[in-house]
Amino acid sequence: MKTFDTHAFMMNVHEDLLIEFKVKKNINLQASDVWESRDLSVNHIPGKKFYVLFEGDDDAEISGDARRAGASEEYSKHVAALALYSNKSYERIIGSLFLKINTPKVPTKFFDNREEAIAWLRILQKSSR
Numbered sequence: 001m002k003t004f005d006t007h008a009f010m011m012n013v014h015e016d017l018l019i020e021f022k023v024k025k026n027i028n029l030q031a032s033d034v035w036e037s038r039d040l041s042v043n044h045i046p047g048k049k050f051y052v053l054f055e056g057d058d059d060a061e062i063s064g065d066a067r068r069a070g071a072s073e074e075y076s077k078h079v080a081a082l083a084l085y086s087n088k089s090y091e092r093i094i095g096s097l098f099l100k101i102n103t104p105k106v107p108t109k110f111f112d113n114r115e116e117a118i119a120w121l122r123i124l125q126k127s128s129r
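Residue numbers (the working numbering): 1 to 129.
FYI, nobody ran anything at the bench for these hints, they're computed from the structure. Note that the structure is a prediction, hence the values are computed from the model and not measured. Incorrect hints may have been included.
[Stated by the list, open to error] DSSO-like cross-link-like pairs, simulated, lysine-lysine; straight-line CA separation at most 30 Å:
{"id": "1", "residue 1": "Lys2", "residue 2": "Lys48"}
{"id": "2", "residue 1": "Lys2", "residue 2": "Lys25"}
{"id": "3", "residue 1": "Lys49", "residue 2": "Lys105"}
{"id": "4", "residue 1": "Lys25", "residue 2": "Lys49"}
{"id": "5", "residue 1": "Lys22", "residue 2": "Lys109"}
{"id": "6", "residue 1": "Lys49", "residue 2": "Lys22"}
{"id": "7", "residue 1": "Lys24", "residue 2": "Lys49"}
{"id": "8", "residue 1": "Lys48", "residue 2": "Lys109"}
{"id": "9", "residue 1": "Lys105", "residue 2": "Lys48"}
{"id": "10", "residue 1": "Lys109", "residue 2": "Lys25"}
{"id": "11", "residue 1": "Lys48", "residue 2": "Lys22"}
{"id": "12", "residue 1": "Lys105", "residue 2": "Lys25"}
{"id": "13", "residue 1": "Lys49", "residue 2": "Lys2"}
{"id": "14", "residue 1": "Lys22", "residue 2": "Lys105"}
{"id": "15", "residue 1": "Lys77", "residue 2": "Lys24"}
{"id": "16", "residue 1": "Lys77", "residue 2": "Lys126"}
{"id": "17", "residue 1": "Lys2", "residue 2": "Lys77"}
{"id": "18", "residue 1": "Lys22", "residue 2": "Lys2"}
{"id": "19", "residue 1": "Lys109", "residue 2": "Lys2"}
{"id": "20", "residue 1": "Lys105", "residue 2": "Lys77"}
{"id": "21", "residue 1": "Lys48", "residue 2": "Lys126"}
{"id": "22", "residue 1": "Lys77", "residue 2": "Lys49"}
{"id": "23", "residue 1": "Lys22", "residue 2": "Lys77"}
{"id": "24", "residue 1": "Lys109", "residue 2": "Lys49"}
{"id": "25", "residue 1": "Lys24", "residue 2": "Lys2"}
[Unchecked claim] What follows is a list of derived Cβ distance ranges for each label pair:
{"id": "26", "residue 1": "Met10", "residue 2": "Ser63", "range": "17 to 25 Å"}
{"id": "27", "residue 1": "Met1", "residue 2": "Arg129", "range": "19 to 27 Å"}
{"id": "28", "residue 1": "Asp16", "residue 2": "Glu61", "range": "25 to 33 Å"}
Where is the CB? At the ideal position from N, CA and C, for every residue including glycine.
Kindly produce the complete structure, drawing on both the sequences and the hints.
In structure tokens, the structure reads:
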């Protein structure tokens with residue numbers, strides 16, 4: 001596993017292509033952060049599609065530009081599936097809006113249980129082999 005720790009996020013890239021991506025406390029994630037995460041993961045394990053678990057720490061926010069970048073065709077070229085996780089009710093609402101407004105090009109689902117999110121990604125991973 002390789003860990004990347006930037007000013008905006010912490011990202012664990014597992015050799016089995018699972019990425020645990022967490023926006024840091026009090027950060028407003030920007031599109032540039034999304035592209036940086038893509039570049040870090042693709043440079044670490046080139047030519048593969050990743051299964052991404054996305055979550056935010058306390059008071060983390062995601063800008064509209066970051067949401068659009070994450071749902072873009074260019075970003076999606078490197079992602080097999082995306083699980084959004086939060087146990088906060090207001091983030092479930094935001095996550096639902098993201099799925100309706102910035103519809104990702106890859107299988108995407110919102111979870112309020114982290115273990116269930118990872119299990120869903122693992123099922124998709126196994127079915128793609």
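Hints the structure fails to honour: No hint contradicted; all consistent.
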